Each structure stands twice: as structure tokens, then as C-alpha cells.
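**Q** Here is what each chain is made of, one letter per residue.
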Amino acid sequence: MRSVKEYQTVTNIQGPLMMVEMVDEAKFGHIVDIELADGSIRHGQILQVENDKVLVQVFEGTSGIDVKRSTVRFLAKPLELGVSPDILGRVFSGLGVPKDDGPSIIPTNRLDINGQPINPYARDYPNEFIQTGISTIDGLNPLVRGQKLPIFSGSGLPHDDLTAQFARQATVLGKGEDFAVVFAAMGITFEAAQFFIDDLHNTGAIERAVMFINLANEPAIERIATPRFALTAAEYLAFELDMHVLVILNDMTNYCEALREISAARKEVPGRRGYPGYLYTDLATIYERAGRIKGKKGSITMVPVLTMPEDDKTHPVPDLTGYITEGQVILSRSLHRQGVAPPVDVLPSLSRLKDKGIGKNKTREDHADLYNQLYAAYARGKEMQELATIMGEAALSDEDRKYMKFANAFEARYISQDYYENRTVQQTLDLGWELLSMFENAELKRIDVKLIEKYMPKFRQKAGGA
Amino acid sequence: MSEKRVGRVVKVAGPVVVAEGMAGARMYDVVRVGALNLIGEIVELRGDTASIQVYEETTGIGPGEPVVDTEAPLSVELGPGLIESIYDGIQRPLDDLVGVEGSFMSRGSDMPGLDRKKKWHFKPTVGDGTKVGPGDIIGEVKETTLMVHKIMIPPGVSGTISGIREGDFTVEETVGTCRGDEGATHELKLMQRWPVRNPRPIARRLAPEHILVSGQRVIDTFFPISKGGTACVPGPFGTGKTVVQHQLAKWVDADVVVYVGCGERGNEMTDVLTEFPELKDPRSGEPLMRRSVLIANTSNMPVAAREASVYTGITLAEYFRDMGYTVALMADSTSRWAEAMREISTRLEEMPAEEGYPAYLSARIAAFYERAGRVKCLGGPEREGGLSVIGAVSPPGGDLSDSVVQATLHVVKVFWSLKGELAYQRHFPAIDWLTSYSFYKQYLKGCFDDKEQGQEMERMTVEAMTLLEQESELREIVRLVGAEALSPRDRLALETSRSLREDYLHQNAFHAVDTFTSMVKQYEMLKTVLHFHRQGLEAIEAGVETAEIFKLAVREDIARAKYIPQTEIDKIVQIRRKIEDQMKQLQGAAAAK
Ligand SMILES: Nc1ncnc2c1ncn2[C@@H]1O[C@H](COP(=O)(O)OP(=O)(O)OP(=O)(O)O)[C@@H](O)[C@H]1O
Ligand SMILES: [Mg+2]
Chain A
1 MRSVKEYQTV TNIQGPLMMV EMVDEAKFGH IVDIELADGS IRHGQILQVE
51 NDKVLVQVFE GTSGIDVKRS TVRFLAKPLE LGVSPDILGR VFSGLGVPKD
101 DGPSIIPTNR LDINGQPINP YARDYPNEFI QTGISTIDGL NPLVRGQKLP
151 IFSGSGLPHD DLTAQFARQA TVLGKGEDFA VVFAAMGITF EAAQFFIDDL
201 HNTGAIERAV MFINLANEPA IERIATPRFA LTAAEYLAFE LDMHVLVILN
251 DMTNYCEALR EISAARKEVP GRRGYPGYLY TDLATIYERA GRIKGKKGSI
301 TMVPVLTMPE DDKTHPVPDL TGYITEGQVI LSRSLHRQGV APPVDVLPSL
351 SRLKDKGIGK NKTREDHADL YNQLYAAYAR GKEMQELATI MGEAALSDED
401 RKYMKFANAF EARYISQDYY ENRTVQQTLD LGWELLSMFE NAELKRIDVK
451 LIEKYMPKFR QKAGGA
Chain B
1 MSEKRVGRVV KVAGPVVVAE GMAGARMYDV VRVGALNLIG EIVELRGDTA
51 SIQVYEETTG IGPGEPVVDT EAPLSVELGP GLIESIYDGI QRPLDDLVGV
101 EGSFMSRGSD MPGLDRKKKW HFKPTVGDGT KVGPGDIIGE VKETTLMVHK
151 IMIPPGVSGT ISGIREGDFT VEETVGTCRG DEGATHELKL MQRWPVRNPR
201 PIARRLAPEH ILVSGQRVID TFFPISKGGT ACVPGPFGTG KTVVQHQLAK
251 WVDADVVVYV GCGERGNEMT DVLTEFPELK DPRSGEPLMR RSVLIANTSN
301 MPVAAREASV YTGITLAEYF RDMGYTVALM ADSTSRWAEA MREISTRLEE
351 MPAEEGYPAY LSARIAAFYE RAGRVKCLGG PEREGGLSVI GAVSPPGGDL
401 SDSVVQATLH VVKVFWSLKG ELAYQRHFPA IDWLTSYSFY KQYLKGCFDD
451 KEQGQEMERM TVEAMTLLEQ ESELREIVRL VGAEALSPRD RLALETSRSL
501 REDYLHQNAF HAVDTFTSMV KQYEMLKTVL HFHRQGLEAI EAGVETAEIF
551 KLAVREDIAR AKYIPQTEID KIVQIRRKIE DQMKQLQGAA AAK
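Here the protein sequences line up with chains A and B, keeping their order. Just so it is clear: in the first sequence, position 111 is 111 by our numbering, and no numbers are missing. Just so it is clear: in the second sequence, position 177 is 177 by our numbering, and no numbers are missing.
The hints are simulated quantities; they were obtained by calculation from the structure and are not laboratory data. Hints are not guaranteed to be accurate.
[Unchecked claim] Reference listing, derived: stretches of chain A covered by chain B, where coverage requires no fewer than 3 residues with Cβ under 8 Å from a Cβ of chain B:
no., region
1, 57-67
2, 114-128
3, 191-204
4, 346-356
5, 386-392
6, 420-432
Computed from a prediction, not measured in an experiment: that's the story for all the values here. Heads up, the beta-carbon is just placed ideally off N, CA and C, and yes, glycines get one too.
Build the full structure now, drawing on both the sequences and the hints.
**A** Here it is as C-alpha cells:
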């Protein structure tokens, strides 16, 4: 054991940052404890060392810390999470300290929360279809095990209902394997966090959940560590205990704001909207921890949630997230207003790993052609909906009107379902055929003729002919 | 060796470490940092203080730790064994690292780029007594079924060959000697080294004249890239930059493909690694992996190594070009490379230019693309090589005024502009036909053995583009006054353009047949779409209603032509006969009225 060195040489405090001088043996990235005059302890991490000067970010914030009477202890280690199978079913603070009434965890191992990058050669390609029971996901943007698929939401939109539905319904067809849910709350309201926790209670999944909770009224800088604690727990469960882990990070916008606060305090050259230039890389060190690894049974599937300021997709947080994750599910305010639930904005939503997870022996042979056709028809129908609002329905040709009708039906029946409705992927696929049956076979150019011949007849009969 | 210069760390800020006591060190020397032995490179010198960009995570490094100067610039190893490899940004073999350190990357590991134990069969092509100079080919190694690896005299070496022999050698064993005129001898090995930041020498640059056929219709037909040419693919997230890059890596008619995953997703590299050994090169029938080299420095791997990764990649590519091969390099994404530069620059406290990028950003981008080109290679026998570079650009919010996009557009000759709206409609590749461009169009006709066919193709591309431009104007009219206002000819133009978009430009990368279209098939398909148009115009003249024309059954055949396999291409020709028959019937009926 290295001896812990103590210093009372704090010289400067500014925003969430603190300067300590005349320090020797400080290492970049290591953590410190700060003992205040009243005996309370805060935690910090070294952001920069230059000779004997050390710059520390204080997770709990610096209010109440004074220059003269604070003692800083250099702990000579990075931030760690103590893990053991007992973490399941427990609630931790945003800094990884147990927060429920349970006993303290006796760790079998202590893991650096920054983890290490997965060697790209060691990755196993995600290709196992996860059925979420939601048509817009399963049918059009299928999620696979090991994927990172964020939800781009806005304030006032029902992303909490959607993530709860994910956690409740997500299953891999024909498998009853060990699963776990890791939930990281960053700056969300008590109500939103409690809604999710209650839902886990109701389904009994709470025993298989690990939660790291930093609420809106808790220290903002702590949020920088919260997702890393959550992912360290997830990696432990997935790659050491062989579980399939669903990680929900809610809300990444708050995380990024905390990062911006630190960057501003360091007087770094700001990038777009004041976010630091390294935001992309920083987010990547979080999102890229999802995945599968060759030779390991478990997996980490990640659903980060973020609220787009002013519903703007080009805002740096959604923009950089989209550049890293494997697709995105975007919620639409206008569909929400029309009462469509979940209000998934189908056209700009995307799952990039869908192609390897679907098809024969996985979902069904017609899946790929079917979503291509549904997309094509809906995109055209949507255009007609817009044209009709400008010029009136009368201005549309018969064919155009048919596409518009399709788009309306598609929104009412395919997109819209209940948060508690759990559709099988077969039901979702069949619904797609049923809606497409309003077109002639020849118009379904994206679907293989053989598939049309095989599947369409029964839906035409059902619809009583096209 | 033991008297290496040793300095000490005074400052650590993320990926940049500052060390004192480095007097005499040179810019871009590689150093080893701290007790963890991390690899870094000197990027700034002030007196005896050196700023170092460290290729590995610096947590746990602090002042006082040693910094050892290796006194050599960042270099790569060049020789047999490159093909089918997957490297990180500084040429550490990721596959071998998994064997040593497991599934997660640890720090400070040393692993040479080329396997030291493997023996290669070397066949000399010159004999003892031959006078040789830089770049001269002295022999061959059959590296894979697709790659005859030429062993060349390294730049800077010349003299007379002696003791050269056929046999099985490791990359470090001597295969012969080269005695210089001043008596200096150089042992010839299968391997040589080259510093990544310096372009490898060539004899002369040549103008690009040949198209690098990609099998992607919108690219080859409208915006082709040449052998030795440069292209960029900017677009918002999720619009298909990576798919375009992967498609090119799979299907271009190059001898070697170097794919650099620069600060992008881990799973995309896995995708390449799982697909390429399975996919067959359409020309040779061999697995595509046998002509590929991968560089993977994903977004969560250290940024400094990401900065180096594009240089590592292009140096490997140049080396194969020097053998007289056609090489294609894809860099996905150059924006991440630029961001890495920006991050290092910020930590060095340099004065930022636009968007926080360093002032030398555009110079670096230009210098990188300038390493592409069609060349007369250095040394004999006389040969030509080509290196095409295709860079993805990921501008914030898809905004093309971004510094990286602008700096890139100044140097590249092909611009494939990906549009969010097209991607949302699932029109892939989402290359905007109205704003993209290529300076290599005039070489398209050279792709055809039949000269007339080439000329007709050229003419058809103009006709098709004119229709597409007309369409955008007509759609504006429809939006304002409705479809009724259009003349029958305009209505036909709209439908033909739709057919061009949906049946020709749209190409599904994940469909077994549609993923690749040969030049001849492109010709036949385009001819068929335009044939329908011309026949339609004639029918309109003859008094046929447009609605009748649009209802013709043959339109479904046109739509499905893309799924006709290469081996059954005459089926596409038959569609044209069908068009004529059905149109004739319509005209007959109209005349009868
Ligand atoms: N030619 C194509 N055929 C079929 N689908 C395609 C094609 N091109 C793109 N796509 C679809 O678009 C998705 C996104 O493409 P891609 O990953 O290449 O985007 P990108 O521009 O590289 O995004 P990012 O900047 O985030 O990396 C793919 O996963 C695929 O579903
Ligand atoms: Mg990409």
C-alpha cells in the first residue's frame, strides 16, 4: 500500500475546480478526498498536473470549501467501483455509494470506472434480434443485442414511458437467459426516476437491476462520473457474470452540460454552443462500451436518452451522439400532439444494425423487403400529407391520394400502439402486409415477387380485395 | 543503446505530456513516457522542453516520471504480412494483441507490425552483379492468392547486388546484399521502414486517366472517381458515408484496399472483419480480405493515435502503389482526424483559427490528399501505380460550411454530397445528384471495350442528368399549382425522373445482386430507362394518354432490372423489346379511336 499524502495547500477555488500546490507524486486522473473544516468529505479528480500544481475537479461542487482549512488527500488511484454479485437489486448514488438501506457491498474486485477500450478485433458483431413489442422498433428499426440505440426526445415528450416499455418488454426470441438492467439517472427529476423504479418493481425486474441515481437537485459535476459507474457495473455483469445487460442512461444532455461547466471553468476554447471540442471523444468513451465480445456470453445493449434543446437534432448533444451510436429513435412532437403513442418519428429514426438481426431463422424472411417497402410508401405518403395541407386534397392525383391514405393508416395503426401493448414481431410484420394491401402488387417494387406471392394473398382476402 | 536521452515529465494534461531535459531531441521523435512505458511523439520543442502527444491514455502519469527518446520518427514496417492485417493507429497488430492481453486494450504494449517468425518464400527477379537503385524491384513474395508482393530497394540505397538467393525467409533475414559505390553495404531484407509523416518518393506524377470502377451506379455513371483520384463524402450522421466507404472497399477494381477506421465505431470494423473474408472479389473470385489492410483506431481509443492513423494508412498504401499497383484508401472519418489535431493543438495552447481548429488544418488536409495520385513509380522495371484517396467528412449538424469540409473541397476532385432528406426517405446511396460533382467524368467512356458504347454512355449520362434537373423545376411547379398544370411531355419527364431515381440511382448495398453493378450492366439499365422515355414521347405524339403509358406492365420490369444477375444481362435488353411492343399496342389503340 502506498501511503496517502495529505496537503493543506489549496490556493485557488473557481467554479467546480480547485488548485492545490506544493504537491509531489500527483498523477493525472487519480482521485482525491477533500476534508472540509466541518469534517465532511468531498471527492475530486485530478484534471491536470504541472510540476507541483494540481488542478482538481470537485464532484460535489466547491461551495463551502475554504482555502485555508481544507485538507486534500491524494489517494493514488483512479475512481473505482467495488463490484460483487450483490450489486444486483441495489441503488447507488451518482458517485457509486450505496444509497438504499441495504448492507454495504463487500467487493470481490475494484474496477477503474473509465474501463479500457474493447479491442476492435475482440468484438463480436451484434446480430441477435431483441423483440421490444413495439412495431416502429421491431418492424422498422430492429434493436439487436450489443447495440447502442439512443432515444432523441424533447422536453415534455414521453421518453420515460418508452424506456420503461423497453425495460419491461425486451426479450430475445426463444431464449430465457440471464438478464439485468442498469439504470443511470443524470439530473432527471425525482418523479421521472421514481416512475422507472416503480415500473421495475411492478414487473419484479428490480431484483435484477442496478441503479445509479443523480437527481436534478444533486451535484451536477457528479454526473460526469455517473454513466461510467453504470457502465463499469454493466461490464462486470456482462463480461464476468455472463448476463445480457440493458443499460439506460437518462439524460445525456445533463451529462454534457456538466462537462461544459468544467470546460468553461478551465477556460478552454469552446466549441459549438460552448461545449468542449472533445465532446465527441468523451461521449464515445461512454457509448462505445456497449457491445459483445468474442468468447463471452454476456452483452451490453445501451439505450441513452437525451432531450434535444428546442427539438433541434443539429444541437451538439444529439448531433455528436448520432455520430457515435448505431442509429437513433427520434420522438416527434407533432405525432405526440396527435395522440400517437409512442410518437416515434419513423423517417429520421434508424437502426444501423438491423440488417444482421433479421430475416429467415431470425425474424422472418420477408422482414427486410417489407420495411424497405413500408419506408418507401410512408415517405411518399408523408410528402402527400404535406402537399395536401398546402394545396388541399383535391390537388392530388388518385395515386397520390392513395399514398396519403396509406400514411394516415400507417400512423393510426402501425405507429400508434399502447405503452402496455406487447406485439410479437409476427404481428408487426403481418400488420405491415395488411396496410400494404391497399396497393397493387406491381407497385410494391421493393418486395421480391416471390414474397408477395407467398404473403399477400391472405391479406388481400382479409381486406376484401384491393 | 543504453545512452538514450532521458528527460522527465513536468506536466500532464490529457493526451499531452510536457517533459524537461530533452535537449537535442528532434521534432516527431518517438518517446516512451513514464513508468507505464507509453508511446508518444514529440510535437513541439521549446529549449529543452518537449511537448509530447501520447498515443495511449495518460491516467496515472505524473511529474518526475522518465521520458525516453527513441531517436527515431514514427515509422511503419513495410513488407510481406501487411495484407489481411488489422492494426491500430500506430501499426500495432490488434489481432495479435488480443492473444496477448485479452479483449480489452491495455497500455504500453509493444508489438511489431510484421510477424517476426513467419517465413515467406522469396524469388529474386534480379541476379548478383545487377546495379540497382532506389525503388528497383529485386524479387517477389506471393503473399496471398491475390497479392504478389514486390520486394524493392529502399529509398536512399543503391549499388551492386550480391548473394541474392531464393528461399524461405522471415522479414528480418538477409536475402542478399547491396554494395554501394563507396563501399557501404546494405543488407537486403523483405522488410523496410518508412516514417509515416513523409510521402514516399516517386519518379513522376501522371495525370489520372482511368476510372476506378466501383459498381455503384450513381458514382460510376455520374460522379466517377479515377485511379489516383481523390474524393470526399460529407454528410450528416446516418446518411451513408460508411456504407459508401464499405461498398467501395468491397467492389472497386483496385489491387489493394487500405481501410482506415479513424475515430469511428468498433462494430463497423468488426463488420468488415467478418464480411471481407466471406465476400468474393467479383473479378478474381477470391475472398476480398486477401487484398485488404485495415487500420482501426476507433472513437474510444486514444486521440493521438487517431491523429497518426491516417498517416499510417497512407504510408502502407503508398508502399503498395510503389510496387506498381492500383491502391484505394478509405478514411472514415477525416473529421475525427481533424478533431484529434484540434485536441492536441488546444492542449499545446496554440492560437486557434476557425472553430478552434489549428491554423495549419487546411495545410495538413491538403498535404494528405496530395499523397494520392497516378504516378510513374521510382526504380525499375518501369511501372505505373495509382493511389486513390476517399475521405468521409462528418460536419457538425451536416453543415457544409464546416472548416474540414471546406478545406477538403479545396483539394479533392470528386464530391459526393450526402443529403439527410434522401436518407430519411431511404433513398440510398443518399448522394445528391444535383450538388455532387466529379472532375473525372470525361474518362468514363474509357471503361468500355466498345468505343461506341462508351460514347453512347457519355451521351446518356447527360440526357439523364438533364431530366433530373428538369424534375426539380417541375416539382416546384407542382408544389405551387398542382400536377394538372403540366403538359403530357412534362408529366412523362417527371415519371422518367422518378424511374431514374428509384430504379437506377437507388441501390441497395445489402441486396446480394444489387450491391454491385458492372459497367456494362449500368449501360444496359440506363439505356432501358431512357428507352422508355423516348418511346413514351413518341406515344404522346401519337395521341396516347400519359396515364396509359404510366400503367404499362413493363414498368415493373424496368424497376426490377437491378435484380437481374450479371450473367443474365440480355434479359435487360429484352425489356427494351417489351417496351416497344407495349408502346406499339398503345399507339395502335390510340389510332383506332
Ligand atoms: N446503399 C445503401 N443501401 C442500403 N442501406 C443503406 C445504404 N447506405 C446507407 N444505408 C443505411 O443507412 C445507415 C447509415 O449509414 P452509415 O452508417 O453509412 O452512415 P454514416 O453517414 O456513416 O453515419 P455516421 O456519420 O454516423 O457514421 C446504414 O446502417 C444503412 O441502414
Ligand atoms: Mg459512418
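**Q** Which of the stated hints cannot be reconciled with the structure, identified by number in ascending sequence?
**A** 1, 3 and 6
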